[in-house]
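*Asks:* Produce the complete structure using the sequences and hints provided.
Taken in sequence, the protein lines are chains A and B. If you count the first sequence from 1, you need to add 2 to reach my numbering. If you count the second sequence from 1, you need to add 1001 to reach my numbering.
Just so you know, the hints here were simulated from the structure itself, not pulled from any lab data. Quick caveat: nothing in here was measured; it's all calculated off a predicted structure. Cβ atoms here follow ideal geometry from the backbone N, Cα and C, with glycine treated the same way. Mixed in with the good hints, there may be bad ones.
Derived DEER-like restraints, expressed as beta-carbon distance ranges [said to hold, decoys possible]:
1. A:Glu202 to B:Leu1035: 23 to 31 angstroms
2. A:Glu202 to B:Pro1500: 35 to 43 angstroms
3. B:Thr1295 to A:Thr83: 51 to 59 angstroms
4. B:Gly1527 to A:Tyr168: 26 to 34 angstroms
5. A:Gly35 to B:Gln1039: 50 to 58 angstroms
6. A:Pro51 to B:Glu1366: 52 to 60 angstroms
7. B:Leu1340 to A:Arg91: 56 to 64 angstroms
8. B:Glu1371 to A:Glu202: 33 to 41 angstroms
9. B:Val1330 to A:Glu202: 53 to 61 angstroms
10. A:Ala162 to B:Leu1340: 31 to 39 angstroms
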Amino acid sequence: MRAPAPDQTAASEVILGVENVTLSFGGVAALRGVSFEICKGEIRAIIGPNGAGKTSMLNVINGFYQPQEGRITYKGRTRHTMRPAAAARGGIARTFQNVALFAGMTALDNIMAGRTLKMRRGFFWQALRHGPALAEEVVHRRKVEEIIDFLEIEAIRKVAVGQLPYGLQKRVELGRALAMEPDLLLLDEPMAGMNLEEKEDMSRFILDVNNHYGTTIALIEHDMGVVMDLSDRVVVLDYGRKIADGSPEEVKADQKVIDAYLGVAY
Amino acid sequence: MTTVASMQPDTIPKLLLHNAVRFPARPAIRHKDLGIWQTWTWTDVHEEVRALALGLEALGLRRGDKVAVIGANRPRLYWAMCAAQALGAVPVPVYADSVADEMAYVLDHAEVSIAVVQDQEQVDKVLSVADRLKQLSYLVYDEPRGLRDYDQARLKSFVDVQASGRLRLAAEYDASASFEQSVAGQNGCDLAIVLYTSGTTGRPKGVMLSFDNVLISARNAIAFDQLDENEEVIAYLPLAWVGDHIFSYAQSYAAGYCVNCPETAETVVEDRREIGTTYAFAPPRIYENLLTLTMVRMEDAGTIKRAMFGYFIGVARRWGEKILNRQRVPLTARLLYGLGALLVYAPLRNRFGLSRIRVAYTAGEAIGPEIFRFFRALGINLKQLYGQTEASVYVTAQPDGEIHADSVGKPSPDVEVKIADNGEVMFHSPGVFLGYYKDPQRTAETRTADGWVRTGDAGFFDPVTGHLKIIDRAKDVGRLNDGTLVAPKYLENRLKFYPNIKEAVAFGDRRDYVCVMLNIDPIAVGSWAERNNITFASYAELAAHPLVSDLLARHVDEVNRSLAADGPMAGAQIKRFLILHKELDADDGELTRTLKVRRGFIAERYRVLVGALYDGSSAADVETEVIFEDGRKGIVTARLKIIDMTTYAARQPVVEKAA
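*Replies:* Here's what the structure looks like:
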């Protein structure tokens, strides 16, 4: 479905590298020595059965969890742990498995909230909504309107997101993440609970984000059809371990992956 | 009229140049983009169209070539039509929602050489059938999104094409002059546009219209409704539909008014509210949707608001139309209506985006009288119009103050209408099309040698008001054994205007009298039953309830009474009817996919019932095979009661005092 970008496989500049990451909660090991890389401009899927550690992995990448061991290299800087604010400033945005929007606010305001980090004016001017704050707001509103246009949600611009159907809430959440103009976008099950049509729409938006803004995307997804169609490379986790890493075709044919998904008698 | 017309510019590109001089700073077109209305004046449009035309010419577009225009109502697509016309090429707008195969037929049949399309979706469709389109040289797209990885050899972006046109303007000293020369080199009898009719039967036909067809019709209507450059219209109906072509394109150029393109199809209601349209044109379903939306919202409103709404809508229904028609009404009524306007009607009109409306038309199919009267009662000058692509829209229209819910008005200016012996409506006008593109045979079938066009619709002139009434497709009109005219769809529509009746199937052709089968509307009748403490467990049980048949018998009786005053239709009153035990369903083949009843199929499938309707029996047993949603088949049996109705002697019709 996707024509591989010509420069991608050859140049493959690494935007994020995860080395030997281990994370445990008490006695439960969520991730055990996981290493992989995400290259600039690619769509990287992280898949695995329930409880394999996929969401934990995303949480480690954007600094929400502190791994006990391992290193994260982002844009050439290596550190032991990432902090959420640092990750956000560094251009990592994410969406959540369960929608985490401000339900009482409009779609427009929710997406505007995604620009918070880019706003420079202090509380005083913001509260006045005049002078420099107004000028700044105009600039940001334009960016947000471009995203609204991009995601085709003009009709719900001024609707409180709590009243929206789930598929549209997911889209607004993606919009808020895009408002940060991220270099790396983490999507946690962007298509969970959607019907086929909504999934097709969302797939198209993910491809368009990647194509249009050149955003690198790491996504967790359960729908194998979607994963195989969308992603350039796939990491497979099972019980906190990486069991496979490669192109969708390679991964699909991997015996360990088949066993992990279908279950195997030990 | 004709003398004035001959002095005016006789093509649309000439009008563009004319408007750039006449109204240089007036808005010509707007588009809401990134949440803000962007405006182009006539000067701007002139510049944009010229740049595009010169760019298209550089791509090899020549006089007589065809340019497909595919997409939503966007300024750039309207400009593409004008740019093509300026070069003497012919625009062919295509329905944006047609599937690739249908599109392939039209593009191939019209021998399109350049297609101007909106976005990736349309590019994909055209490319998927490109191997069948030998003539197609370039695809020009408006929105570049998603197209970066495409093979660009045959793709050109709209911006680039215009840029190459602007480059020519800067580099070639005579580029502007050659554009104006090309515009001046055309005249009114040149082919202006080919509009493919969607065609419910057979392949679509390409209706060829000349500039004269389009512009004389447009100007007549402008004069008829006293339109000027101050009108605001919103363009949201398909570009390929003749209605949009006249209202959002030709009339805008002729009168100089502004066309507003909504942000997306879903935001039309909101966008219309922001613009405040003064002139509108829509099929009945748009008005139906507005009304339904209002009613649903009112159900959720507080008690006081609901009571206020209910009371003042009552006042409006009683007096609103009379006030709109400038009839005499008591002072108290006028005061009450004024109060209602303040509290209810004005806010409602504002919600609908119709606060500034001067003229609104409904056309395309029959509108429910309730819906029609609702809008008129609110003080909105909604009128009916009857038209066709082959007529450049106008055949008949209702003049101000002469409004009847069940007629389509009087012949439009310069239009002659006559009724053929078989009841078919025929017309003759300056808007009569040049012919179907590459189809002389079907042209000859539709247009007589002396220029009269067969509409395919049957109708008659109301003897009192002189208004035309359309009753059915001519081929569906039959006669009773005694020779009385029967128009099944006319009867069915009359019945279906009652909310309790979902479907109706009328029989009568080559029979002694008229019988109908009815389907109750489960939602409307269900809630009526709840309010009246009638219990039921299934659709069949509700349909068979004696009180329900009494309810429907009252509706049928009302229809009979009104038919008695209906001139030629008076003889076709309903003698007997029954209520079907199951809903007619497209899955069972009883309805088409567009939900029209398939009368012949139903007559065959329920021959037992039809037999019982005509042999005088008081009940009939029926056994029907049904297909359930999961694909299983089952048998439904029922005993249906047949109800006899009284018919009324034909009355001398009285002039309807615009109720």
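*Asks:* Can the suggested window of 51 to 59 angstroms be confirmed for the beta-carbon pair B:Thr1295 and A:Thr83?
*Replies:* 57 angstroms, holds
*Asks:* Determine whether the Cβ-Cβ distance between B:Gly1527 and A:Tyr168 falls within the hinted range of 26 to 34 angstroms.
*Replies:* 30 angstroms, holds
*Asks:* Do the beta carbons of B:Glu1371 and A:Glu202 sit within 33 to 41 angstroms of each other?
*Replies:* 39 angstroms, holds
*Asks:* Does the Cβ-Cβ separation between A:Gly35 and B:Gln1039 fall within 50 to 58 angstroms?
*Replies:* Given range 50 to 58 angstroms: holds, Cβ gap about 56 angstroms.
*Asks:* How does the Cβ-Cβ distance of A:Pro51 and B:Glu1366 compare with 52 to 60 angstroms: does it lie in that range?
*Replies:* 55 angstroms, holds
*Asks:* A range of 35 to 43 angstroms was offered for this pair. Does it hold for the Cβ distance of A:Glu202 and B:Pro1500?
*Replies:* 37 angstroms, holds
*Asks:* CB of B:Val1330 to CB of A:Glu202, is that within 53 to 61 angstroms?
*Replies:* Holds, at about 57 angstroms.
*Asks:* Could you tell me whether the CB distance from B:Leu1340 to A:Arg91 stays inside 56 to 64 angstroms?
*Replies:* 60 angstroms, holds
*Asks:* Look at the Cβ atoms of A:Glu202 and B:Leu1035 and judge whether their distance stays inside 23 to 31 angstroms.
*Replies:* About 25 angstroms separates the Cβ atoms of A:Glu202 and B:Leu1035, which means 23 to 31 angstroms holds.
*Asks:* Is the gap between the beta carbons of A:Ala162 and B:Leu1340 within 31 to 39 angstroms?
*Replies:* 33 angstroms, holds
Figure legend: structure checked against the earlier numbered hints; every hint is met.
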